[in-house]
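Trainee: In case you want the letters, here they are:
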Amino acid sequence: MSSTGWERIPGFVSVKEAHGETTVTVEPAAIRDACAFARDALGFNFLVDVVAADYLGWGAKGVSGYIGSPAGRDLNTPMTQGLQSLPETKPKRFSVSYHLLALRKGAPRARLQCWIDDGESVPSVVSVWPTADWHEREQFDLMGIRFDGHPNLSRLLLEDDWEGHPLRKDYPIGGEPVRFSDAE
Amino acid sequence: MVNKPEPRLRDYGLQSERLLWPTKGPSQFEEELGADELEQALGITTLEKAVRWAQTKSMWPDTFGLACCAIEMMSIVSARHDLARFGMEAFRSSPRQADLLIVSGRVSHKMAAPLRQIYDQMLEPKWVIAMGACASSGGMFNNYAILQGVDRIVPVDIYVPFCPPRPEALMEGIIRLHEAHLAGVPPAYERREVAT
Amino acid sequence: MTVAPEKQTAAAWPVVAPPQYEGSRIPARVPTILDVPAGLRETDDIMQINFGPNHPSTHGVLRLIVDLDGETVVGLSAVIGYLHTGFEKSMESKTWWKAITYPERIDYVGYQNAELVFVLAVEKLLAIEVPEKATWMRMLLCELNRIHSHLVYLGTSALELGAVSMFWYTFRERDLIMDLSEMVAGTRMHTRYFQVGGLAEDIPPGFYPQARKFVEWMPKALDDYLGMLDRNMIWLERTKGVGVLSAEDAIALGQSGPNLRASGVDWDIRRDDTYLAYDQVDFRVPVYPEGDVYARYRVRMDEMAESVRIIRQCLDRLEQMEGQPWIADDRKVVLPPREELHTSMESLIHHFKIVTEGYRVPEGEVYTAIESPRGESGCYVVSDGGPKPWRVHFRAPSFVALEATATCMHDSLVADLIAIVGSLDAVMGDTDR
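Chains as they are written, first to last, in my numbering: chain H, 1 to 184; chain S, 185 to 380; chain V, 381 to 813.
Mixed in with the good hints there might be a few duds.
Simulated pairs of lysine-lysine, DSSO-like, Cα-Cα distance not exceeding 30 Å [what the hints assert, rightly or not]:
id : chain 1 : residue 1 : chain 2 : residue 2
1  : V       : K504      : H       : K169
2  : H       : K169      : V       : K600
3  : V       : K478      : V       : K504
4  : H       : K90       : H       : K16
5  : V       : K768      : V       : K474
6  : H       : K90       : V       : K712
7  : V       : K733      : H       : K169
8  : H       : K169      : V       : K474
9  : V       : K474      : V       : K712
10 : V       : K712      : H       : K16
11 : H       : K16       : V       : K504
12 : V       : K768      : V       : K733
13 : H       : K90       : H       : K169
14 : H       : K90       : V       : K474
15 : H       : K169      : H       : K16
16 : V       : K593      : H       : K90
17 : V       : K768      : V       : K478
18 : V       : K733      : V       : K504
19 : V       : K712      : V       : K768
20 : H       : K92       : V       : K474
Here are a few chain S residues that sit away from chain V, every Cβ distance over 12 Å (derived from the structure) [to be verified]:
id : residue
21 : L231
22 : V235
23 : A238
24 : D246
25 : E256
26 : R264
27 : R269
28 : F270
29 : G271
30 : V291
31 : R336
32 : I337
Keep in mind that the hints were calculated from the coordinates and are not lab data.
For glycine and all other residues, C-beta sits at the position ideal for the given N, C-alpha and C.
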């Protein structure tokens with residue numbers, strides 16, 4: 001879906017096109033209305049996925065610029081090893097992305113994204129698409145993001161008495177130490 | 185439990201590797217242990233050997249398929265790698281009726297409790313095969329969710345490596361288990377004091 | 381029946397109910413939990429049964445807590461997570477090259493498709509050109525894998541409903557597919573054959589004749605299966621009208637793939653949101669309107685026949701591409717051929733850097749979706765420009781399919797429970813990741 005026409009969405013912050021995909025950033029408090037708008041006015045009747053990503057430590061180590069394929073090769077800055085570029089900073093710690101699809105010709109897809117910090121919560125969109133039930137439970141389980149108004153917000157994949165949220169960046173990988181392996 | 189020092193496998197006189205299929209006749213193990221020509225000629229045997237032979241020929245596995253290895257475990261029952269020739273195609277769903285627990289797949293911590301419960305519900309004599317890398321040692325998943333080796337909670341007789349093991353590899357493991365049992369090697373819960 | 385919700389410290393916010401469409405059978409309180417009706421709950425007739433993680437039917441470790449009134453299912457709740465492996469966390473600590481081994485084990489029955497979705501997502505971020513031969517071979521292997529997945533579905537579902545001999549027939553064909561896979565990639569399952577940029581190795585010489593033999597044999601096998609099941613009164617009685625899922629419910633519940641097409645919605649990502657070279661092959665998309673277990677079975681049977689057609693077209697095309705490259709030649713991402721390592725210093729350095737540090741993928745986030753045998757399988761990748769993924773998430777079609785169990789289970793008997801769960805074709809590795 002093109003980037004025009006998204007300004008009318010409730011809670012609109014910005015829209016971005018990259019890699020052929022449209023990412024619309026929305027205020028977290030307005031996400032339920034934004035999703036309802038997307039479903040009713042824009043025709044995105046299918047919620048594909050709800051994903052949260054933790055950006056704690058993003059860009060802390062610094063990464064050198066990519067110099068690989070023709071799309072990224074820049075002859076004027078060869079051999080950019082070392083801390084010469086940092087990735088674009090993120091507004092807050094967590095991003096919650098809702099991947100939407102319209103079941104019509106052309107398969108328009110969109111990503112509604114909102115940004116929250118640890119401890120903040122996002123309204124649940126179960127009232128818009130019932131399939132969000134388990135997706136939101138999974139993100140609560142693994143990332144610790146609370147969804148207001150979810151009818152059954154409990155752990156889904158881990159045991160009920162598990163402590164912590166494993167997919168966060170400050171949660172260790174676990175497992176047992178293996179000789180001669182660095183990060184694995 | 186057992187007070188005497190734990191017997192090593194070599195005390196049973198097992199020295200040679202099993203030759204691969206097709207080997208006709210009694211296996212190397214039985215020959216080394218001095219399989220008695222007299223016994224074979226006259227068709228007599230001790231009661232223990234007869235019982236072990238019978239147990240080997242109808243060792244029914246439990247349906248404990250967890251992940252990818254379960255698909256390969258299902259395919260040993262299929263027509264090409266026919267497990268029925270060993271009398272084992274009857275996968276019992278109830279652990280009370282099963283002799284062999286083939287742990288096929290990665291065991292998460294959430295699943296560890298049901299696994300131990302199933303193992304406890306099985307009646308002696310019972311054997312455990314840890315099929316695949318994930319059951320043997322946690323495999324490629326060295327993380328918070330996966331039990332690093334199923335031998336942390338159940339005693340294991342045979343470990344079958346690879347990810348997932350070929351059906352032939354699993355059958356090799358099963359056949360080695362049969363031969364070890366025929367030779368008199370006790371099941372794992374009698375040999376190790378782990379989680380008895 | 382309730383599952384205790386997390387203790388909420390703040391003042392309880394109003395709980396929102398899922399939308400109710402006209403004629404919707406989605407449960408009103410929680411869409412994925414079928415609640416015992418209020419009148420029945422007070423009586424003593426309800427028996428709660430645990431259809432535990434280890435059960436006779438072969439679907440892996442799914443736990444269903446079922447309330448029964450006699451033989452009728454009046455309450456249902458699914459508990460998953462017994463196979464949660466922490467894939468997404470593990471992949472964050474592996475380089476991009478090593479991380480390809482992980483997606484295969486997520487959907488372990490449709491493993492080529494799972495590999496494909498991750499590789500396509502990384503290639504999208506890299507904006508790398510994949511050679512034509514690799515694209516067509518990927519398509520061939522994915523269709524072969526689709527047949528494999530549907531064969532496993534058919535064999536196990538029929539086995540559970542009592543048609544025991546179907547298992548042996550379908551696994552006979554499955555072994556033929558495994559032979560082809562072994563010939564190409566060296567191992568039967570979890571091949572790690574798809575690499576970023578193309579394929580790991582060239583197609584071996586004997587592959588095309590053997591694939592053609594398979595393609596000639598498969599339609600006869602499909603006729604066998606239809607002959608065994610389609611006129612079998614027991615099969616028809618047990619599958620027709622059982623577990624009905626309407627089209628609106630299916631879309632609201634996020635169903636995709638055969639589950640969606642069996643409810644009458646004509647949607648196939650291969651045709652509508654095309655990837656690889658599916659727009660250059662000719663195939664039909666089976667759609668059945670009834671939405672019951674029988675419709676899902678027919679959709680998968682027809683899809684197997686269509687996959688055979690696609691494979692035939694891929695073989696025709698691939699045989700003309702002998703000698704073409706099978707992987708992109710961008711040496712910053714793709715390993716150089718081994719013979720060059722002896723002569724070229726740059727190749728040696730590239731090989732060293734790619735193997736030890738890993739190639740770097742530019743910063744960005746993408747979501748790629750393909751039509752796996754189970755439905756829309758997607759991969760959301762966030763890269764920070766480094767050698768390891770920052771966040772990988774897999775949209776699992778089986779996860780979403782199991783959300784529909786409560787809706788399908790209205791007025792079902794215990795025996796139908798098995799049929800319905802089997803027909804949704806959920807692979808627990810895919811569900812729990």
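Trainee: Each hint should be assessed against the structure and marked as holding or not.
Mentor: Status of the hints after comparison with the structure:
1. K504(V) <-> K169(H): Distance ~25 Å between K504(V) and K169(H) Cα, so the pair holds.
2. K169(H) <-> K600(V): violated, 53 Å
3. K478(V) <-> K504(V): Answer holds: K478(V) to K504(V) is near 18 Å, not above 30 Å.
4. K90(H) <-> K16(H): holds, 14 Å
5. K768(V) <-> K474(V): holds, 6 Å
6. K90(H) <-> K712(V): Since the Cα atoms of K90(H) and K712(V) sit roughly 28 Å apart, the hinted pair holds (cutoff 30 Å).
7. K733(V) <-> K169(H): holds, 26 Å
8. K169(H) <-> K474(V): holds, 15 Å
9. K474(V) <-> K712(V): Measuring from Cα to Cα gives roughly 18 Å; hence the hint holds.
10. K712(V) <-> K16(H): holds, 28 Å
11. K16(H) <-> K504(V): holds, 17 Å
12. K768(V) <-> K733(V): Holds - the C-alpha atoms of K733(V) and K768(V) are around 14 Å apart, at most 30 Å.
13. K90(H) <-> K169(H): Holds. K90(H) to K169(H) sits at ~15 Å (cutoff 30 Å).
14. K90(H) <-> K474(V): holds, 23 Å
15. K169(H) <-> K16(H): OK: K169(H) and K16(H) at ~26 Å, within 30 Å.
16. K593(V) <-> K90(H): violated, 55 Å
17. K768(V) <-> K478(V): holds, 9 Å
18. K733(V) <-> K504(V): holds, 22 Å
19. K712(V) <-> K768(V): holds, 15 Å
20. K92(H) <-> K474(V): holds, 25 Å
21. L231: holds, 34 Å
22. V235: holds, 29 Å
23. A238: Label holds. Min Cβ-Cβ 26 Å, cutoff 12 Å.
24. D246: Given a closest Cβ separation of 8 Å, the condition is violated.
25. E256: Incorrect as stated: the minimum Cβ-Cβ distance to chain V is 7 Å, not above 12 Å.
26. R264: violated, 5 Å
27. R269: With a cut-off of 12 Å, R269(S) remains clear of chain V, as the shortest Cβ separation is near 14 Å.
28. F270: holds, 17 Å
29. G271: holds, 17 Å
30. V291: violated, 9 Å
31. R336: Given a closest Cβ separation of 17 Å, the condition holds.
32. I337: Correct as stated: the minimum Cβ-Cβ distance to chain V is 15 Å, above 12 Å.
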